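Chains as they are written, first to last, in the numbering used here: chain X, 456 to 1158; chain D, 134 to 292; chain G, -15 to 574.
Just so you know, these hints were derived from the structure itself, not from any lab. No experiment lies behind these values; they were computed from the predicted model shown. Hints are supplied without guarantee of correctness; some may be wrong.
Stated by the list, open to error - Pairwise CB distance ranges, derived in the manner of DEER restraints:
#1 D:Thr247 - X:Arg1057: 47 to 55 Å
#2 X:Glu1001 - G:Ala451: 28 to 36 Å
#3 D:Thr247 - X:Leu534: 21 to 29 Å
Claimed, not checked - Calculated pairs, DSSO-like style, for lysine-lysine (alpha carbon to alpha carbon, straight line, at most 30 Å):
#4 G:Lys5 - G:Lys117
#5 D:Lys157 - G:Lys160
#6 G:Lys220 - G:Lys5
#7 D:Lys256 - X:Lys1129
#8 D:Lys167 - G:Lys288
#9 G:Lys46 - G:Lys4
#10 D:Lys237 - G:Lys508
#11 G:Lys288 - D:Lys157
#12 X:Lys1141 - D:Lys251
#13 G:Lys542 - G:Lys531
#14 G:Lys117 - G:Lys160
#15 X:Lys521 - G:Lys155
#16 G:Lys544 - G:Lys564
#17 D:Lys237 - G:Lys5
#18 D:Lys157 - G:Lys217
#19 X:Lys1107 - G:Lys288
#20 G:Lys117 - G:Lys50
#21 G:Lys5 - G:Lys288
#22 G:Lys362 - G:Lys50
#23 G:Lys531 - D:Lys237
#24 G:Lys217 - D:Lys251
#25 G:Lys552 - G:Lys508
#26 X:Lys1141 - X:Lys1129
#27 X:Lys521 - X:Lys1044
#28 X:Lys540 - G:Lys5
#29 G:Lys220 - D:Lys167
#30 X:Lys1044 - X:Lys1129
Cβ coordinates follow ideal geometry from the N, Cα and C atoms, glycine included.
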Amino acid sequence: MVRVIIDKHEYMVDESATILDAARSNGIDIPTLCHDEQLEPFGSCWLCVVEVEGERRSLVPSCATKVRDGMVVTTKSELISNARKLCLELLLSDHYGDCLPPCQMACPAGVRVREYIDLIRKDRYQEAVEVVKQNNPLPAVCGRVCVRPCELACRRNLVDEPVAIDFLKRFVADWEMGEKGQRGQRGQKGQKGQKGQKTEDRGQRTDGKKVALVGAGPASLSCAYYLAGMGYRCIIFEALPDAGGMLRYGIPEYRLPKDVLDKEIASICEHGVEIRCNTAMGRDFSIDSLMNDGFEAVFIGIGAHGSYRLGVDNDGVDGVLSAVDFLRDMGLNKDIRLKGRVAVIGGGNSAIDAARTSLRLGADEVMIVYRRSRLEMPANEIEINEAEHEGINYHFLTAPVRVIAENNRVKGIECIRMELGEPDSSGRRSPLPVNGSEFIIDVETVIAAIGQFPEIECLTFDEGIHLGRGKTIIVDNGMAAGRVGVFAAGDAVSGASTAIEAIAGGKKAAMAIDQYLRGELDSKQWSKEFNVSKGSLDEVDGSEFEGIEKQARVKMPELEITERLKGFNEVELGLSQADAILEADRCLKCGCNAIDKCELRRYGIEYGVGLDRFKGGKVHHYLIDNSNPAILRDPNKCIRCGRCVRICLEIKGIGALGFVNRGFETTIEPTFCKPLSATECDSCGKCAASCPTGALVDSSEHL
Amino acid sequence: MGCRCSDSFNRNRLSAILSEYQGKSGGLIPVLQKAQNVYGYLSEDVMLKIADGLEIKPSVVYGVATFYTQFRFSPVGEHIIRACHGTACHVSGAENITRVMTDKLGGLEPGGTTADMKFTLDKVACLGCCSLAPVVMIDNDVYGRLNEARVEEILALYR
Amino acid sequence: MQKARIIVGLGSCGIASGGKKVYEQLQQGIVSRGLDLAIEETGCIGMCYNEVLVDVILPAGKTTYKQVIPEMADRILDEHIVEGRIISEWTITQEDEVCLDRQQRIVLRNCGKISPESIDEYMEQGGYRAIEKVIKGMSPEMVVDEITLSGLRGRGGAGFPTGVKWGFANKSIGDKKYFICNADEGDPGAFMDRSVLEGDPHSIIEGMLIGGYAIGANHGYIYVRAEYPLAIKRLKIAIEQARTHGFIGQGICGSDFSFELEIKEGAGAFVCGEETALIASIEGSRGMPRLRPPFPAISGLYGKPTNINNVETLANIPWIILNGADGYASFGTEKSKGTKVFALAGKIQRGGLVEVPMGMSLREVIFDIGGGIAGTGKHEFKAVQLGGPSGGCIPSSLLDTPVDYDSINQTGAIMGSGGMVVMDNTTCMVDIARFFLNFTQNESCGKCTFCRIGTRRMLEILERIVAGNGLEGDIELLEDLAQNIRRTSLCGLGQTAPNPVLTTLKYFKSEYESHIKQRRCPAKACKELISFAIIDERCKGCGLCIKVCPCGAITGEKKKLHVLDVDKCVRCGQCVAKCKLEAIIKVDRW
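Next comes chain X alone, as it looks inside the complex (with noise of 0.2 Å):
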C-alpha cells in the first residue's frame, strides 16, 4: 500500500493502482472514455487528465499512471476542466448524429415522438398516450390542431413525405377517449378536481401548497397538470363561461369538436386541478388578493385576446369584424348568420379560421385578402389548401385602404395591389404598394384578422409585473414574470402563437414554479440542453436516406365538401387503425439508441460543450451498418478509443474489428471494411456493451 493525496485528502491505496484506480476507489469521479477495466490502459481519448506535483507534464492521464507514495494529484482545476472540455468539443465536432429525434428537437415541447410512435408500432396505445401526456397533457387537441413543427423536421422528407406524426397522436388519444367511454361529459363550470393518487403520494413535498392560474387556455391547463401531478393545488380561474381559452373560443368545432376539448379538460381536472369560470382578473380578484388567499405562486396565461383593427377608414362601421370577437361569439355559442360576401383581411390562421367559418355559416362568397403573397402566409400550409379546396378565394399581394361604407354599414372595401420589395433585416420582403392599382371589392362583411395581443388591461394596478412590447409580459430563462412568485407563458408571452408553444411554456413554468415553492429556482439550468444534431434538413448528408423504400404518407379520411359546408361537423375523421399502425411503421427511429448510456453525452452535459466551436470543419459520414442482426453499427459516432477492437482481439480472440488508416481519417471498421456480417463476429455483444457512445449497440435496445 502507499499513501497518495487526491484533491488533499489522504489515501492509502495499492501499490499497482492507476490514479484512476485509487481515485474511484475511493468514490472520486474522474471521466474516461477509453477506459475499460476489463482491458489494459490505452491512453487514447485523454478525458482522464489529472495534475500531478512535481511532473514534468502539466497534466498526466490518470488511467495510465501508477501512483507512486507520497503522490500529490490534483483531479479538479481550471486548467484540467478546460482541457476535458476541449477534448470533448473535438470529439464531438467530428460525430455525426441526433441525441434526440429531430421531432421531439423541433417539438416545443419536447414530445418524445419516435417512442409513441413506436409503442402505437406495437399496438401499446395506452403506453403512447402516456407517453405524449409525459410532455403535453393535451393529445387529442394537439392531435388536431397542431401546427406539427416536427413533421418539419422530419428526416423523412428526406425520402418521401414526413410522417404523419399529428394524425398519430390524434390516433392514441382518441382510441383513450374511446377506452374510457366518456364521450358527452363537460368540463363542468367550476369542477372540482378529484385528488388523485399521484397528490397523495407527493403531498409531503409540497405540502399541499395552493398554485393560481389565471386563463384556462392551453398554457394554464398544462402548468396546472403538470403541477397537480407534482401534488400541488392548482386552481384555474377563467373570466369567460367555459374552459380551453382559445382552443374554445379561437379554434372552430369544424377543426376542434368542443366534446373533445371537454374531455380532454375533464381528464386534466381529474388529475386534480380546480377550474372556477366566470371569474376574471381585474374584477373579481387581483394577484395581490389571490397572494393574501394564501395562494403562494401565481400562473398568468391570460392569452392573447384583444384584436388590431384595420386601421383605414370606416374600419368601426357595421360589418366589419375582429376574427377574434368572431370566433368567440361562436365559441359562445351565439347565433350568427352571414350573407353575401365576406372579405377576411390577414394570412394567420384566425384568418382561415374566420373565413372557412364564414363559408359554413351561410357566405355566398369568402375571399382572403393578403398583403404579400402566398409564400409568406404565416397560416398553415395545409389549412390554406384546406380553405382553397372549400372554395374560399385568395387575393394576395392586396391591402385594403378603405372600407366603403354606406349608411354606417360596409359596401364595400378599396384595395390597393402590392409588390414585395427587398427583404428586410428579418429577411421577410416587405410589401410596398403600387401607385394607382386601387381598386374596389363590393363585400358585406370584413373580418380583420391582422393581429392579436394580451389583454394586460385585467393587470390594472401596478403589480410589478414586467411589461413589453405588444402588451406582452417579459418572463425570464425560467419564466419568471417579474414579481416574486409570480409566473407566466403562452400567447400573453409570446404574442398570438400555437397552442403547443403555449403548452411548452406551461410546463416550463410548472418546472420552475416547483423549484420556486421548494426554494430551490436556478434559472440557470433553464439554459438549452445539450444535443447533438445532423442538422437541418438541407445540412443533413442526404446519402443516407438514399436506400429507403418509398411508402406513401398515410391519407386522413376527411368529409365531402358539401357535408362539410352544411355545417361545423369536423373534417378530419381520424385514422383507421390498420392506417395508423402502416404509418407508425414509416417512422425512421432517428435519434440516438444509446442516448441514456451514452458517456460522451454525459460528459459532454457536465462539462457545458459547446458544439459549435469548430463549425466548418471536417465532419465524417459514414454508412450506419446494421448488418448484423445483435448489433447495430453506426461509425459516426465512433470516437476511435479502440474499446471494441481491444476486446474483440484481446479478449474474445476474434478481431472482428481493427483500426483502419491513421491521423484524422482513422475509423474502426470490420475487417477490409466489409459489413459485420462478413467478419468471424459472433455477436457476443461486448463490444456494443463496452462502446462508450452509440457507434456500437445492441440491437435489442434499439426501439
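Put chains D and G on the given structure of chain X with help from the hints.
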C-alpha cells in the same frame, strides 16, 4: 497491369516469402512490402493469404497495411512519381511543380494513376534532398532543382 | 604516393544533379584516352549546392570541380589530366573552401572523402579501430561512462544524454536486449542521416557495435526509411563487408561478443521516429506510440530492454572512443557538447550539410557558412525554421542565438534533427504554419484525441486564414488548441505539433492579423489573397509570359503591351518567373 493473383508464378513467390517469415516475429511489414513488390499492390486476396500464412487476424493485417503510406490497395502505374513537398521544396515552389506535373499528365491528381497505367503520382513529405529543392523522385531516381519547364523534360525519360 | 584518381560525388544529391552521367562520361573518357587513372565514387561532402562535385587527385594535389555536367568531362580529362592545367574557372572557390574550414567534421568525417562501398577505405581512416579498442580494453560500464563523460546528447531531437540512456539499458535485466538505430529520418528539411548512411555507413555499424557491447545487446536493427533506397543499398553492402571482416556475427575481434544486425525498412510513417512507435513497427504493428513508462530500456522490442539511438548520434560514437570523451567535450558549450550537423535548405545561397561546434550562432551558420539568402540580394532574411514539424520559426532578431539545445529551446523552436530551412520575405509565415500542421495532421497516428482531431482543426483554421476567410477569434482558438495539444498528447509528435504555430504567432502575429483583418498576405505568397498585374512601362511585349501561362490569361500581340485577365489567372506565378523585365508583379487582391 490488373490483378495477377491467379498467376501461379506470383503465387509461388508469395508462398516463398511467407515461408521465409513464418513463425518469425515482426514479419508482417516485410512480407507486405515484398508482396507489394510482386503484385504492385495489396489486394484483399493477397492480404488474406498473408494473414493465413503468418497466422495473424486479417483485421490486423489490414490495419497495419492502411497505417503506412507505402502500401497501396489498387494497381499502380509502371512508374511512380513522388513529388516532394518537404519544407524546402514547399518554399521553393513544389506546389507549382506538382500542378504542372498534373497538367502534363492529362490532369492526373496526386494519389491517382494515368488511364494507360503508365504513371502514378504521389505527393510525399520529404525525400531528404532539401538542398536540391524542389525535388521529384521517379521510381528510384531523384531529380532536383526543378522548374516548371523541366517537368516535361524528365517525364519524357519515362514516356 | 597516392595513385592518380578521380572521385565523383554520388550521394543522392550528386546523383540528382546528374552525377551518374558525369561518372559515365569520365569513365568512357578515361578508357578512350587510355589513361592510367582510377575513378571512384563517394558520398556527399555537404556542398550540395555545388553538386556534381568531382575531385581530381594527382600527385601534385587535390582539385575539386563544382557543378560538373557531362559536357565538362572531356575538357577536365584533356586539360587537367593530360596537360596538367587546372581549369580554374570550374573549381570551387575560396569561399567554398572557407565554408569547409569553418566546420568541425566529426560525424561527417568520412563523408565525401571515402568510397562508402569500400570497407577498406573506411578502415584506412581508422574505421573499426574503436570497436576493437572497446572489446579489447574496456568493460561495458567503462564504455557507458566514456560516452556519458563526453556529454553527447541524442541528435534525434530531444537531446537526452546518450550515456545515461545506455546506462539504463546496461543496468536493465533481460535475457535478450536489442540495440536499434533509428534511421527513419522523417523531418522535412533534414537530410544529415541520409547523407551519413550514404556516405559513411560503416560508422553507423561501428557505433551500433559499440553500443550493443555497452548495453549487452547482441541483436541490432537499423530502421531506415524506404524512401532512401541508396542508403539501404549501401548499408546492405556495408553489413556484408563487416560480416566478412568479422565485425558482425559471432566472436567479434576474437572476443565472446557477438552481434547480429538487420535492416528493417520503414513503410512510411513519420510517427515511427517516436521510440515506442518504431518498436511497434518493427514488431509488425501499426506504428502507434504507447504510454511510457515502461521505457524501452526496461521493456522495449518484444518486451526486452532496448536502446534506440539515431544515426547522427551513433556516427559520433567511434570518434569519441578513439579521441576520448575529453576530446569530444572540448567542442561545444557547457551543456551541449561536441558538434552538430545542420542541413541548410530553403532560400539559402549555399544549401547543404554543415557540421559545426555547438554554440556557434545561427548568424554564423546561415550567413558566414551558408552564404545568406539565395539570389541576387533582392530578398532579405525573414526567419529560419529549425527542428522540422516539431520546431519553430526563429526571426532575424534572434539570429545571434547560439546553436545549443537550451538556447534554441528558449526561442520556442527545438534543435530537432538539425534541419534549417531558411526563409526570405517571400515566404508567408502563416502558410508555413499551415504547411507544418498539414504535415503533422497527416502523420498523426490517430490515437490521441487532441492530436487526431485537434491538429486537423488547427489546420482547418490556418487554411481559412490563408484563404482570406479567417475569423475574429481564430488566433485565440489556435492558441487554446495549441496549448492543450501540447499538454495532452501521448508522444512527441503531438506534444510538439503546435510549435510551428506557436512560434509564428509569437514572432509574426501581425502577419496573422493582416490575413484575418485585411485579407492581405504581406509576403504575397497566399494565392487567394493576391493578383498579378503587368506594369505597362516595363512590358516590351516579348510574349514569353503568354507562352508559359497555362490558362491563357495573358494576351497581346508581339511587341505590344500584354494584358492579363485576372479572372482567368490561376496565380501560378510561372509568368513572373519567366519575365526577364520584372514586368509582372504580385499585388494585393482585396
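message: So if I understand the rule, the pair passes when the alpha-carbon distance is 30 Å or less; does Lys5 (chain G) with Lys117 (chain G) pass?
response: 42 Å, violated
query: When you check the alpha-carbon spacing of Lys1141 (chain X) and Lys1129 (chain X), does it fall within 30 Å?
result: 19 Å, holds
task: Assess, step by step, whether the Cα of Lys217 (chain G) is no farther than 30 Å from the Cα of Lys251 (chain D), and give holds or violated.
output: 26 Å, holds
message: So if I understand the rule, the pair passes when the alpha-carbon distance is 30 Å or less; does Lys521 (chain X) with Lys155 (chain G) pass?
response: 22 Å, holds
- prompt: Under the criterion that the straight-line Cα-Cα distance not exceed 30 Å, is the pair Lys540 (chain X), Lys5 (chain G) satisfied?
  reply: 60 Å, violated
message: Checking one constraint from the list: CA of Lys157 (chain D) to CA of Lys217 (chain G), max 30 Å. Satisfied?
response: Holds. Lys157 (chain D) to Lys217 (chain G) sits at ~24 Å (cutoff 30 Å).
Pair hint Lys237 (chain D) and Lys5 (chain G), alpha-carbon separation not exceeding 30 Å: Within the cut-off at roughly 26 Å; holds.
field: Pairwise hint evaluation, Lys237 (chain D) against Lys531 (chain G), where the allowed Cα distance is 30 Å at most
entry: 15 Å, holds
Agreement of Lys157 (chain D) and Lys160 (chain G) with the hint, judged by alpha carbon distance not exceeding 30 Å: Given that 30 Å is the threshold and the Cα spacing comes to 16 Å, the pair holds.
- prompt: Are the Cα positions of Lys256 (chain D) and Lys1129 (chain X) separated by 30 Å at most?
  reply: 28 Å, holds
query: CA of Lys237 (chain D) to CA of Lys508 (chain G), is that 30 Å or under?
result: Holds. Lys237 (chain D) to Lys508 (chain G) sits at ~27 Å (cutoff 30 Å).
- prompt: Is Lys544 (chain G) within 30 Å of Lys564 (chain G), Cα to Cα?
  reply: Holds, at about 16 Å.
When each numbered hint is compared with the structure, violations occur for hints 3, 4, 12, 20, 21, 27 and 28.
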